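Trainee: Protein chains in written order, with our numbering: chain Y, 1 to 118; chain E, 1 to 114.
Think of the hints as simulated: they come from the structure by calculation, not from any bench.
Since this is a predicted model, take the numbers as computed values, not measurements.
All C-beta atoms in this analysis are idealised placements derived from N, C-alpha and C, irrespective of residue type, glycine included.
One or more of the hints may lead you astray.
Unchecked claim - Which bits of chain E does chain Y cover? Going by a derived footprint, with three or more residues having C-beta under 8 Å, they are: (1) 81-94; (2) 104-113.
Stated by the list, open to error - Pairs of lysine-lysine residues, derived as DSBU-like cross-links and limited to a Cα-Cα distance of at most 35 Å, are as follows: (3) Y:LYS55 / E:LYS13; (4) Y:LYS110 / E:LYS57; (5) Y:LYS70 / Y:LYS113; (6) E:LYS57 / Y:LYS78; (7) E:LYS52 / E:LYS22; (8) E:LYS15 / Y:LYS55.
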Amino acid sequence: AQTVTQSQPEMSVQEAETVTLSCTYDTSESDYYLFWYKQPPSRQMILVIRQEAYKQQNATENRFSVNFQKAAKSFSLKISDSQLGDAAMYFCAYRSLHGVGGSEKLVFGKGTKLTVNP
Amino acid sequence: AAGVIQSPRHLIKEKRETATLKCYPIPRHDTVYWYQQGPGQDPQFLISFYEKMQSDKGSIPDRFSAQQFSDYHSELNMSSLELGDSALYFCASSLSGGTNQPQHFGDGTRLSIL
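Excised from the complex, chain E in its bound form:
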């Protein structure tokens, strides 16, 4: 079965650089969630999209932005990177609308800031 695809798997950047993370949801899933998991931490919700519109926002820095495209893939854009941005970034997709469908996670992108 198709799963959530995230790219790249690993990304190394320096301070003040920019990064773009990509997420391709499971086909027919209409909702995408982004989570940030710092070292030894639990995943924290950043932002979500439903039918290509931003639907909820969590603890996402102003330096980050995201969007969902017409093909439902999503991109998380990160600028002025800081050491504290080093983390595992997960994308998850689901069918929304009050169903009990769980969120399916991608394998994550490991972002390291030097």
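Same shape as in the complex, but just chain Y:
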């Protein structure tokens, strides 16, 4: 079974600065997807960024980028120019690539609570 580990229960960053959230995972599969979800106090689960394991290029979405190290099974999220609205719980998640319909469940890490200081 796959596992996802987020070793930083809490992180803080000054507004406009950069912060990196760590995520490692364990799997015997060679193809899979990785995701970062954001959960603000409003409790919605919002997709931030996703990475296909077969792609070597790191995904980027505006101020959010990832550092995907497949051999090390590491998938960190970098937030640049942090904004107050970035404050939330961030979950790293794993999903198999070759699951049949309905078997592509997400496996989440325990989350990292990000505080943005003005």
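For chain Y, the structure is supplied; the task is to place chain E on it using the hints.
Mentor: Coordinates of chain E only, in the frame set by chain Y:
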């Protein structure tokens, strides 16, 4: 754009009562997933449906059951409720079939057991 709709947003029940949570997926999405998120916890997979058939099962108690209907909406039925069932219940929908389409989450149902 249409999103995943969950109802109700909040639900308060007492121990040993029953509850039904509803989920309406994004139109044309053929797969529904249910997750349970306890206080301060990460979401845990409960059960999923693909084309109205149960396709995968996680840590779902025997007291819970679920189904997906002909219009693709899904219901999670919970009986003999316990204090430990207090949680946020998410439904997510997606297009299945090995695509890289992500799961889209609803806003969740907050279930409180008194």
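Trainee: Against this structure, judge whether each hint is valid.
Mentor: Hint check results:
| no. | hint | result |
| --- | --- | --- |
| 1 | 81-94 | holds (count 4) |
| 2 | 104-113 | holds (count 5) |
| 3 | Y:LYS55 / E:LYS13 | 47 Å, violated |
| 4 | Y:LYS110 / E:LYS57 | 21 Å, holds |
| 5 | Y:LYS70 / Y:LYS113 | 25 Å, holds |
| 6 | E:LYS57 / Y:LYS78 | 33 Å, holds |
| 7 | E:LYS52 / E:LYS22 | 15 Å, holds |
| 8 | E:LYS15 / Y:LYS55 | 49 Å, violated |
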